[in-house]
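Student: Read off the chains here:
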Amino acid sequence: MDFTWTDADRSFRERVREFLRRELPSNWKSISRHGPGSREQTEFSLEFCPKLAAEGLLVPHWPGEWGGADRPTWEHFILGEEMWAAGEPRGAQYMNVNWIGPTLIRYGSAEQKHRYIPEMAAGKAIWCQGFSEPSAGSDLASLRTRAVRDGGDYVINGTKIWTSYAAHADHCFLLARAGGADEGKRGIAIFLVPMDSAGIEVRAIPSLIGHGDIHETFFTDVRVPASARLGEEGEAWTIISYALANERVGIPRYELSSRVLGEMVHELKCRQEFDDPIVQARAGSAFAMCEAARMLVYNAVDQRARGQEPGTEANIARVAVVSAENAVSDFGLDFLPDAYSRGAFPSFLAHHERAIVAGIAAGANEIQLGVIARRHLDLPREAS
Amino acid sequence: MRFEANDDQATFLAVVEQMAASSAGGWKVAANWSRYDWSDALDQELEKNGFHDCAREESLGPVAATAMIQRLAALPVAVECAASSLLRPLFDDNLPRPVAVVESSPTTTIRFLPRAKTLLDISDGKIRHSRINGDDVEQVDSLFAYPMGVLRSAPSQWTETDVDPELVRNRWRIAIAAEITGALKGGLDAVLDHVRNRYQFGRPLGSFQAIQHRLAASAMKIEGAGWLVLKAAQTGIPRDAVLALGYVQNVSTEIVYDLHQFMGAMGLTLEHPLHRWTYRVRLLRTAFGGAHRNLGQLARTQWRAA
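Those sequence lines, one after another, are chains X and U. First residue of the first sequence? That's 1 in my numbering, and the numbers climb one at a time after it. First residue of the second sequence? That's 1 in my numbering, and the numbers climb one at a time after it.
It should be emphasised that the hints constitute simulated quantities derived from the structure, not laboratory data. All C-beta atoms, glycine included, are put in the ideal place defined by N, C-alpha and C. Check the hints yourself; a few may be wrong.
Footprint (simulated), chain X over chain U, 3 or more residues, beta carbon under 8 Å [claimed, not checked]:
| id | region |
| --- | --- |
| 1 | 5 to 19 |
| 2 | 186 to 197 |
| 3 | 212 to 223 |
| 4 | 232 to 246 |
| 5 | 287 to 301 |
So the derived list for chain U, only partly shown, Cβ under 10 Å to chain X, looks like this [what the hints assert, rightly or not]:
| id | residue |
| --- | --- |
| 6 | Val140 |
| 7 | Leu143 |
| 8 | Phe144 |
| 9 | Ala154 |
| 10 | Gly226 |
Just a sample of chain U residues kept apart from chain X, beta carbon distances all over 10 Å, derived [to be verified]:
| id | residue |
| --- | --- |
| 11 | Arg2 |
| 12 | Ser22 |
| 13 | Gly50 |
| 14 | Glu58 |
| 15 | Ser130 |
| 16 | Ser153 |
| 17 | Val163 |
| 18 | Leu167 |
From just these sequences and the hints, can you work out the full model?
Tutor: Okay, here's the thing in structure tokens:
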């Protein structure tokens, strides 16, 4: 066991930090305040990601033939830590890097790969994720959006909700039911849908988590060719599981939490309010939770780096990350309440907005706990 | 970054596992329904085969010692392993073991004292040790599932050492964090066994979501603590040690409550050994002032505050 970074890892991290110091503009904090799905951050990502790509820092872990450099899993992860801690200047494109790209590389047709991968690897593509529906959130398998085969096409009808990035996305990674409702997961298929297709309407939903971050997306008689389907009709759940396993450990949220906690402590010290033992113990507790989450995430990444199939480690890590992020958010709200008014501390506010969504997006915390209970602790499935 | 044991550590820990598995003896314990069950056989076997010296071996190191402490603390029986494996190797003298450690005052009730041959005082200033014999010690009844004792009188002769006190105290934080983590894991495994097999309302208790979620959250915290303490053992950095100890002490309160809650009335008996894990934790979570003091120290170390 070795829980330290290699010289190569440290040097890579420094290279990423140096790039960020050089390329993030002086007004970056005010841009990042708006959240990864905002117009401001999306527009910025379309300037920033091509620079990352030119530096070989956008998709270094992807295969060489698809614009990557076959770099180790750990480098990808260090890159993610630094980006997330900096306020995620890749905006929505972090999804391309973490899971949409790798999923297309693994399961896409030759045509799909040639059409989509190069622009992702160049940092020029914005995607959204069409998973949740008004009546299918945690119970994703009950989704109702229909894709009906019509000759060489599919015709898609339905509604997606909580769709991050939809207002600015070029494409949607869409789940729809191609089979009957009684087929459950087996009836689901994945479609790669251009967002400028006729029949798509996007409405922003005012929310607590940033401006323009979540949307309702309506699909009315949207026609896509059969070649837009990713994988076979019955294969979707396997592909989704692969994608979600990549997504769940894809966001090193503890890194931002840990750094924001440091900023909170700095502010309390400036106000001479950090000498209070209660404040110190709470800060220590939140920091320890961040570090526990870090170790559990690293454990999941280590397994991936060793080529093992994703297990429950990612679910365990996810629960720990959510707890840590909320502990930091609560610390700030409890001891620096005025920092959340008048926009005085944009990083605290941005962190809070990310924290409150952490346990809900990409599989609610309770779903993760259920998976841990059944698959990791071998507890019996709940009676139906 | 590698979470997998190296070849030597894997071999070593496989043997520890073999020994632990043969000593566990299931969840039922001796009919005397004692608060603790000291396993002389396991203690002797570990000593005879030199397991306590593993931290001295370069390819095993404090990480292997810490993993061993975690594993053995998960057993329903008690052995003195933590001080012998993580502190004793710091001293040139081959201190006789078992080793009892006093963190605050030698007049307090001291864990393992009735079995100890060495008393190690890490409370203040220079580290010192003293030979102990049975006449020096009065065994006392205690809630905590260890042989507990008090000194009849202060040791007549202390040997002062030049070993860095901070190094020793740092190692002791790691050792205790490992013991708490192991004891929580032992208790969790016992409760998991119970809720898989205990039927109420026509179904196993473990199929109820209310129970599943809380046990899953406990498992997450215990695994997190396990990695934190192994990392602290490898780095030896004081911040990592106080972090691991503060974290596991802090999460232990809720976990212990849940373990007893889900074991139900069975967990209130001395027939079931759940109390052995949970009352060890209840003692160890007071170490170095307890969670809040340790987390406060972590904060001061991390952010250089007074």
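Student: Could you tell me which of the hints above the structure violates, numbers in ascending order?
Tutor: Going through the list in order, the structure violates hints 6, 7, 8, 9 and 11 and respects the others.
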